[in-house]
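Enquirer: Take a look at the letters that make up each chain.
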Amino acid sequence: MQEEPKGLLIRPIRDGTVIDHITHGEALVVLRILGITGSTDERLSIATNVETRIRGTGGLKDIVKVSNRELSKEEVDRIALIAPNATINIIRDYNVVEKIGVEIPRHLRGIIRCTNLGCISNANEPIESAFEVTANGLRCLYCDTVINSDFAQHII
Amino acid sequence: MYHIISIKDFERGEIDELLDKAQAIDEASGPFSTLNGKQVALLFFEPSTRTRMSFASAVARLGGTTLCVDSVEGSSISKGETLADTVRVVSSYVDAIVLRHPKEGAARLAAEFASVPVINAGDGAGQHPSQTLLDLYTIRQSMPLEGIDVGLLGDLRYGRTTHSLAYALSNYDLTIHTIAPKSLELPTPLIGELLDRGCEVVEHEDITDIITELDVLYATRIQRERFPDAASYYEVAESYRITPELLEERKENMIILHPLPRAGEIDPRVDALPCAKYFEQAQNGVPVRMAMLKEVI
Ligand SMILES: [Zn+2]
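Keeping their order, the protein sequence lines are chains A and B. If you count the first sequence from 1, you need to add 627 to reach our numbering. If you count the second sequence from 1, you need to add 9 to reach our numbering.
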């Protein structure tokens, strides 16, 4: 039987951003949050269900590498909702020049859909959804509905 | 620019000040000229005759005039115009907008797009700050908003007037008693919020347990559609009905409020008792709304 080839699962990138320690299974959601789709022109490497020894992860994580684009902290903070342990490494010339953790931002605009069907943010109006991040969950700034679980499910 | 969207936007001092202004208006004989030459749009995308008439009366008493849109049919909304656009356009005709809309959060959106002040006259099952302010005003006419026991009775789960009233009351040092069937209790997150704000909340299922200790009883409708069948509804409705017999042992200065219209929650024989304040409460809508209009324009 042939052995699985050893070596790196995904190659290092020269310049760009590596988002590591994403909750396993959430890599594609992370891309969606960042607005990266098949039709945008970033060069991507995605690894899912990579083994990790970090406790509390179930032994698995996802990694996303985005070449030639340095994500801003604000962009990355949106990821915190679904991947609170993610870390972001900014890479220049194969070197990590900055390593930052994600933080849940105070406000989320246009990221989460309000679960209240009667909410004006779900009507055909020229506005983005708007949530305040509170200790109890995400509070819709239009209708006050609080979402406190399954954030990934409500991501636009 | 100043909008009135939700009672949650008010600090206690601001509520007190607005109620003082309403009282000053109430006690003055008028005529008032604050809105002379000014126009207020009453944009009612959902029928609510009382609230609309009460705002129209408030504008007229301040010397202003109103432009009314009463229904979605016949307006450009039915042609698919967004509320954002409607509000932008109407802003150019008037000095303030009073908005009633079926979607929750509509007033907040309107305030983002309007170039004149917006007053929320109820958005969907959402906020209705003028109702809450007139409820507080009516209590304050009879007693200080401190150290009292306020009972909220009826459908506390879906009845949003009680939600914003409870929130507003949590600005004051008093006790809220909820009186509702288990399935229609105040939502848990709201109770948490009230407790966090230092308010004492006591839950009851049976009105007879607490009726003798209340200073204020705020009754609301229990809706038939919240129950699986007519029999279980009538059983509950009957046990929450306010009758003169129930009120026999009440505190001397106790008052009963109801946002109206009522169905069968209050026995008509109660109307003659001095504690029945619900019609005065409805009347108070005018000075309170006058104070709100004066505040924003
Ligand atoms: Zn909402």
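In case anyone wonders, no lab produced these hints; they're calculated from the structure. Where a beta carbon is used, it is the ideal one built from N, C-alpha and C, also for glycine. You may find that some hints are simply not true.
[As the list claims (entries may be wrong)] Here are the computed distance ranges between Cβ atoms for each label pair:
(1) A:Ile-731 / B:Asn-45: 46 to 56 angstroms
(2) B:Ala-134 / A:Arg-670: 28 to 38 angstroms
(3) A:Arg-733 / B:Asn-45: 53 to 63 angstroms
(4) A:Ser-699 / B:Gln-292: 30 to 40 angstroms
(5) A:Gly-685 / B:Glu-90: 25 to 35 angstroms
(6) A:Arg-733 / B:Ala-33: 32 to 42 angstroms
(7) A:Arg-733 / B:Ser-151: 38 to 48 angstroms
(8) B:Glu-234 / A:Asn-751: 51 to 61 angstroms
[To be verified] A partial selection of chain A residues facing chain B, derived with a Cβ cut-off under 8 angstroms:
(9) Gly-652
(10) Asn-743
(11) Cys-767
(12) Leu-768
(13) Tyr-769
(14) Cys-770
(15) Val-773
Enquirer: Of the numbered hints stated previously, which ones are contradicted by the structure, given in increasing order?
Expert: Failing hints, ascending: 2, 3, 4, 5, 8, 9.
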